[in-house]
Amino acid sequence: MSREGAPVFSAKAVVKTFGTLRAVDGLSLAVEAGEIYGLVGPSGSGKTTLMRMLCGLTPPTAGEVRLLGYLMPRERRAVEEQFGYMPQERAVYRDLSIGENLLFFGQIYGMDRKRIAARTAQLLEMMNLADRSRQRADRLSGGERQRLSLACTLIHEADALLLDEPTIGLDPALRAEFWDYFHQLSAQGRTLLVSTHYLHEADRCGRVGLMQRGHLAAEGTPAELKSRAAALSGRAVPDMEDVFLVLTGARQGGAQ
Amino acid sequence: MKLHRIGAMAERVLRQLWHDRRVLAFMLLLPAFAMILFGYSFSGDIRGVRVAFVDEDKTDLTASILENLQKDEALTVRVLAPGGDPERLLLDGGYQAVIRIPAKFTSLYYAHFAMGVATSAQGRIDLTLDESDPQIAATVRKSLADALLKLGEGGPVDVQVRDLYGVEVRFIDSFAPAIMGMVVAMISTVLTLLSIVREKVDGTFARVWVSPVRRGEFILGYVLAFGLIALVQSAVVLTIGSLVFHIVINGSIFWAFLCVILFAVGSVGLGTLLSALAQTESQAVVFFPLVMLPSVLLSGMMWPVQAIPAVLRPLSYLVPLTYSNRVLRAVMVKGLAPWQEPLGFGGVLAFVVLTVVAASLVLRQRGRSTE
Numbered sequence: 384m385s386r387e388g389a390p391v392f393s394a395k396a397v398v399k400t401f402g403t404l405r406a407v408d409g410l411s412l413a414v415e416a417g418e419i420y421g422l423v424g425p426s427g428s429g430k431t432t433l434m435r436m437l438c439g440l441t442p443p444t445a446g447e448v449r450l451l452g453y454l455m456p457r458e459r460r461a462v463e464e465q466f467g468y469m470p471q472e473r474a475v476y477r478d479l480s481i482g483e484n485l486l487f488f489g490q491i492y493g494m495d496r497k498r499i500a501a502r503t504a505q506l507l508e509m510m511n512l513a514d515r516s517r518q519r520a521d522r523l524s525g526g527e528r529q530r531l532s533l534a535c536t537l538i539h540e541a542d543a544l545l546l547d548e549p550t551i552g553l554d555p556a557l558r559a560e561f562w563d564y565f566h567q568l569s570a571q572g573r574t575l576l577v578s579t580h581y582l583h584e585a586d587r588c589g590r591v592g593l594m595q596r597g598h599l600a601a602e603g604t605p606a607e608l609k610s611r612a613a614a615l616s617g618r619a620v621p622d623m624e625d626v627f628l629v630l631t632g633a634r635q636g637g638a639q
Numbered sequence: 047m048k049l050h051r052i053g054a055m056a057e058r059v060l061r062q063l064w065h066d067r068r069v070l071a072f073m074l075l076l077p078a079f080a081m082i083l084f085g086y087s088f089s090g091d092i093r094g095v096r097v098a099f100v101d102e103d104k105t106d107l108t109a110s111i112l113e114n115l116q117k118d119e120a121l122t123v124r125v126l127a128p129g130g131d132p133e134r135l136l137l138d139g140g141y142q143a144v145i146r147i148p149a150k151f152t153s154l155y156y157a158h159f160a161m162g163v164a165t166s167a168q169g170r171i172d173l174t175l176d177e178s179d180p181q182i183a184a185t186v187r188k189s190l191a192d193a194l195l196k197l198g199e200g201g202p203v204d205v206q207v208r209d210l211y212g213v214e215v216r217f218i219d220s221f222a223p224a225i226m227g228m229v230v231a232m233i234s235t236v237l238t239l240l241s242i243v244r245e246k247v248d249g250t251f252a253r254v255w256v257s258p259v260r261r262g263e264f265i266l267g268y269v270l271a272f273g274l275i276a277l278v279q280s281a282v283v284l285t286i287g288s289l290v291f292h293i294v295i296n297g298s299i300f301w302a303f304l305c306v307i308l309f310a311v312g313s314v315g316l317g318t319l320l321s322a323l324a325q326t327e328s329q330a331v332v333f334f335p336l337v338m339l340p341s342v343l344l345s346g347m348m349w350p351v352q353a354i355p356a357v358l359r360p361l362s363y364l365v366p367l368t369y370s371n372r373v374l375r376a377v378m379v380k381g382l383a384p385w386q387e388p389l390g391f392g393g394v395l396a397f398v399v400l401t402v403v404a405a406s407l408v409l410r411q412r413g414r415s416t417e
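Sequence order for the protein chains is A and V. Residues 384 to 639 (our numbering) make up the first sequence, in order. Residues 47 to 417 (our numbering) make up the second sequence, in order.
Okay, chain A solo, but in the shape it has when bound (with noise of 0.2 Å):
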């Protein structure tokens, strides 16, 4: 369980670089439990890497993050089965069935085989995958091993979940179902950092970072966001690619 008033996510002036690169640039951010955080923009712009750090995959060069109130990396012990971790890539085995996967995922989690044998029956069921337990995953299309990939990160039942560009290289209509699923996760409590650069998909957020060369460039519910364009512009902005130009060059006016 999260510490005791501590959002599930938070990063405090985070600063990460590789080199002379900084891919994360004091960025400051707090998700609640029970919300769909989008974290939208452009490829490179440092979604994943502040991703890595939440769930400890690689220390902040400066500042803090935590997860569910614990220092990340140094206190991962403690949240390690609280939460799932969806990587970019399609990370499942190549070379297991499909309900191979999530039998092992399942079970370095510790739970038993019982346990595992009805999830994955829930799990394959909500992700169109039923009767399909002993397909290979390498001979699944790009879609399904994505679902996969998701119910693989799903199988422990973890309250807080980190997807990192869940829907790339989706088709629309799978994408449309993939963020049905995202929704359906959050009506049962859970709490979903999800990142993407389809800036569309933003929409389908209860709040959204947009990001920018690794700081937000602005922050808040769909709705806020446009009306700051709306203000900003002069003018109605009701698409969020738009949104994303508008309010990321503001700050670029702001600054000069």
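No wet-lab data here; the hints were simulated from the structure. Watch out, some of these pointers could steer you wrong.
In silico SDA-like pairs for lysine to any residue, Cα to Cα no more than 25 Å straight-line [to be verified]:
hint : chain 1 : residue 1 : chain 2 : residue 2
1    : A       : 497       : V       : 48
2    : V       : 48        : A       : 492
3    : A       : 497       : V       : 156
4    : V       : 48        : A       : 401
5    : A       : 497       : V       : 173
6    : A       : 497       : V       : 50
7    : V       : 48        : A       : 457
8    : V       : 48        : A       : 557
9    : A       : 497       : V       : 60
10   : V       : 48        : A       : 389
11   : V       : 48        : A       : 453
12   : A       : 497       : V       : 303
13   : V       : 48        : A       : 495
14   : V       : 48        : A       : 500
15   : A       : 497       : V       : 153
Fit chain V to the given chain A structure using the hints.
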């Protein structure tokens, strides 16, 4: 450290191998293939061993010994005049054995037969043997023994053997332990390496890394899976070795398997270690000859370490298979306990500790690093 997670890791690795039928077949066929290939290349019927026959007695009896020897296809016998130095004949004459029958052989031979145990007199034959190739030496011994057996009543004959270069061990006997070690090293190192690199490429490594699986559990999972595979492979080598090539196992199979498993653990460690140096699967493949060639050439598998040029010899002691060969040969051929071959056993233990600790450190680095 939780057993169930180590078990989960091992089960997953075994399942992956089970699904890849080609790799699976390779794993089982490789030990069989290596044993048969090497076995036949080194233990095929020997023909035409050059033997010098020096007869200082010249009787009907010695003539029939010569005749028997000449009938033996394994030998090419040349009769030489008495007086030459047998060692010189071996060194310079290109002979692999010199059989010398001293004067009075025949009379002593029959005297012993007539007087039985009452006399110490006994026909003696001098056999000077090049033992550097144990198989050839064994062939000569056998042929001579056969030739004497066919003489009929008389004897026994005291064959005085002078080994020039070695002790009596059949090559194939000392080869089976080497094949066991080589196959286990090859499979464990290369498949661990490939498997971890693939985890890295596919992103499953990151998933496992954020899960409760500890570094130790990760490595032990691989160790458990490949330890089991090593057992099966060793059993294949030993079965073919004893059924097809009749290898002699003087020692304890238990100790042999234990040493093989230890060696597999070290090889898994080495594979993990090498995985730090490879970013892609094709880079990983490059390590294959890098591991294999020194193992085959420098480990004392094909020829004794003492036969390796002095310049290269220190390298032999950097090759893990050198130690595995020593200890497995000591256990299987000489019938010793592993610790009675301290250099080999110590070397294998050091290999295990060094690679597993280093692998663990490498994994920690890996966990922290980022693409």
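Check: Which numbered hints are broken by the structure, listed smallest first?
Finding: Those not satisfied are hints 3, 4, 5, 8, 10, 12 and 15.
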